[in-house]
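The listed protein sequences derive, respectively, from chains A and B. Taking our numbering, I'd label the letters of the first sequence as residues 198 to 726. Taking our numbering, I'd label the letters of the second sequence as residues 35 to 176.
Treat the hints loosely; a few may be bogus.
[Unchecked claim] Pulled from the structure, derived: some chain B residues nowhere near chain A, Cβ distances all over 12 angstroms:
{"no.": "1", "residue": "Asp75"}
{"no.": "2", "residue": "Ala92"}
{"no.": "3", "residue": "Asp159"}
[Stated by the list, open to error] Here are some chain B residues pointing at chain A (derived, C-beta under 10 angstroms):
{"no.": "4", "residue": "Leu40"}
{"no.": "5", "residue": "Arg46"}
{"no.": "6", "residue": "Leu54"}
{"no.": "7", "residue": "Val56"}
{"no.": "8", "residue": "Gly85"}
{"no.": "9", "residue": "Leu100"}
{"no.": "10", "residue": "Lys108"}
{"no.": "11", "residue": "Ala121"}
{"no.": "12", "residue": "Cys130"}
{"no.": "13", "residue": "Tyr131"}
{"no.": "14", "residue": "Arg136"}
{"no.": "15", "residue": "Val138"}
{"no.": "16", "residue": "Gly142"}
{"no.": "17", "residue": "Phe149"}
{"no.": "18", "residue": "Leu162"}
{"no.": "19", "residue": "Ala170"}
Worth flagging that the hints you see were computed from the coordinates, not collected in a lab. All C-beta atoms in this analysis are idealised placements derived from N, C-alpha and C, irrespective of residue type, glycine included.
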Amino acid sequence: MVDVLIVGSGAAGAAVAWSLAETKMRILCLEQGDWQNSSTYPSTGRDWEARRWADFDISPNRRARETDYPIDDSQSAMKIANFNGVGGGTVFYTAHWPRMHPSDFRVKTLDGVADDWPIDYWALEKFFEENDRMMGVSGLEGDPGVPPRHPPMPPLPLGKTGTLYGRTMNQLGWHWWPSDSTIATQDYEGRAKCINLGHCTPGCAQGAKASTDITYWPLALRAGVELRTRARVREIVTNEQGMASGVVYYDAQGEEHFQPAEVVIVACNGIGTPRLLLNSISSRHPNGLANSSGLVGKNLMLHPWPQVRGYVPERNDGDHAPMLSLWSKQFYETDPNRDFVRGYTMQFARGTGVVTEAVTSMSVGALPWGTDHHRIARELIHHRIQVGIACDDLPEETNRVTLHPDLKDSNGIPAAKVDYKIGENTRRMMEHGIARATEILEAAGAKGIYTSRTLLNSPGHMLGTCRMGNDPARSVVNAWGRSHDVKNLFIVDGSTWVTGGGLNPTSTIQAVALYMADQIKQRLATLFD
Amino acid sequence: MTATGLSPSENRDLRRVAGLMVPASTEYKVPGADDPKIVADIERSIGRDMGEIHNALAALAGIADLDDAAAMAKAEAFRSAGGPAVAAFERCVLQCYYRDDRVVISLGLEARPPFPKGHVLEQGDWSLLDPVRKRAKMWRDA
Ligand SMILES: Cc1cc2nc3c(=O)[nH]c(=O)nc-3n(C[C@H](O)[C@H](O)[C@H](O)COP(=O)(O)OP(=O)(O)OC[C@H]3O[C@@H](n4cnc5c(N)ncnc54)[C@H](O)[C@@H]3O)c2cc1C
């Protein structure tokens, strides 16, 4: 028996494990994947780009490691990206680190759409700061586009590409700022500083990128938390009192185990979490656990993310640096003069590696076969600039995660199926962003401008499928992550989000997770009341 | 079937099409993608794409025996049809071609993995931020 059982060791699970460790409760985390070995990450070999379409592909379906589970995203306008292992998605993430804005928590009050969150930015502020110190954030204070924050390290250099963007944005009179990022620009808490290995997505061999396997986990383990890998949870079991009594999981050999626990905390992300709850059916919970509202799996938000790219005459940073360099908040907040509410962050990317450039350009007909191939390749390679438009995504119940009728993982557990369509407000926002990004690229002198609306864009953000709220009929968990139905069951990952914001979510996912852990600590004596 | 999973005729067809896709160039001093070393790398590296590569080579069957004009026409028909087999074929060729030392060096890059040497990123012009610093607060409080 353990006091606290956490399922999932990613961004949220790691933060909660670390935070709760000081209680001295017996804490166990079950994670279906493995520890990663940074000396085998792609950037250590000449095939580093090719491995991003193989064992380091962002799609679990193509990567198809033993530790992955399949996800049917054939009915989704956006494809699913994730990573399953200690650190979860943070092993693969791009380390872009914006926070939700205060207005993101009040969309109903301010903009008349969706719902307000039951918590606000200011309740989370100290957890944002704590998390920034724990993950190790680089950035620059003084940005008029976002509330004050205090990144502990200086920002990544602008480089040639960032300088070009900065000059262009000044010419247009639009806001820009060096992005906060969880890439160490100085040696930080045992992590070596960034040496520009290229895009950070498929793991950082230098250890400069803050994935939770190298930030929270070593500290949590030292404080006595146990982390059991290759432990895939099939279902959460409940007792006659309607409380969670533990979980059933499979080990690496496929052996089934029951792990009893006083408290169960789920941190499997916006797809893994509803999948687990929907798989936890019993006579008491025929529609899945914690699902009296019927909202488990619904309101999935995936952040449509158009990308607009072009090619400038001068050679730039290419992939010789972390991919993301700057953000713009020019179009983030609602403007009544537009035909949509809410807004988006613009993300300014450097170029790509040589192989990626060739493959992506050929796939859209920009790089020909035959004799002209070499001349055109040289106009493209390390000449790319690219603006991503991180659109706010509003909840819609028809966008959802359900259980697949046939597809199963290697342990025979039903897989998740994703149905997702882009809403009308978001479509308008996307087109607005694409038009602005095109203006930026043209002003920067780019030619060969190409827009990818959704197909290639899988930001790996999975939100909203177990939303939080004060009304048990309209939400799955309360404001501090406790299930309305099962009083010792908590959900702490991005599935608790009420709305999506127009930005990368992990800073806020972890701040919310730390807030929830703090609430649990403060309420220990009355936790199940 | 060769050790890499392709039949001898598939191997010949793959080589022919790779050369049509990326021919050798004396101007840029690079081999074509039909260079034996690159073709061997392509075959070894097909991995997860084997199914689609078989599909692609079925559509291209016999191309190795055609004259240049007929081969080009067949390759063009294959390419313009599009679909997953074309995407997989192009990716399998390009991911090996563009990691060949001769090609990488011709692009002015070093033939090495990124780690452990990394790269140098210049600071850039931070004075460009001065006008942005002067802007009024843009975020809505709530
Ligand atoms: C390619 C890519 C780029 C990204 N870039 C950014 C970025 O720049 N900035 C940003 O903010 N975010 C980024 N993200 C998103 C970020 O990774 C996620 O927001 C974050 O990891 C979510 O945290 P989480 O704790 O909710 O879930 P995860 O980190 O996904 O962790 C969930 C864990 O649960 C485990 N699990 C699931 N089901 C079970 C089960 N049944 N039994 C046992 N274990 C289970 C999984 O194996 C996984 O390790 C990116 C993601 C990807 C994939």
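Results for each hint:
| no. | hint | result |
| --- | --- | --- |
| 1 | Asp75 | violated (9 angstroms) |
| 2 | Ala92 | holds (19 angstroms) |
| 3 | Asp159 | violated (5 angstroms) |
| 4 | Leu40 | violated (18 angstroms) |
| 5 | Arg46 | violated (18 angstroms) |
| 6 | Leu54 | holds (6 angstroms) |
| 7 | Val56 | holds (5 angstroms) |
| 8 | Gly85 | violated (12 angstroms) |
| 9 | Leu100 | violated (16 angstroms) |
| 10 | Lys108 | violated (12 angstroms) |
| 11 | Ala121 | holds (6 angstroms) |
| 12 | Cys130 | holds (8 angstroms) |
| 13 | Tyr131 | holds (8 angstroms) |
| 14 | Arg136 | violated (12 angstroms) |
| 15 | Val138 | holds (7 angstroms) |
| 16 | Gly142 | holds (8 angstroms) |
| 17 | Phe149 | holds (4 angstroms) |
| 18 | Leu162 | holds (4 angstroms) |
| 19 | Ala170 | holds (6 angstroms) |
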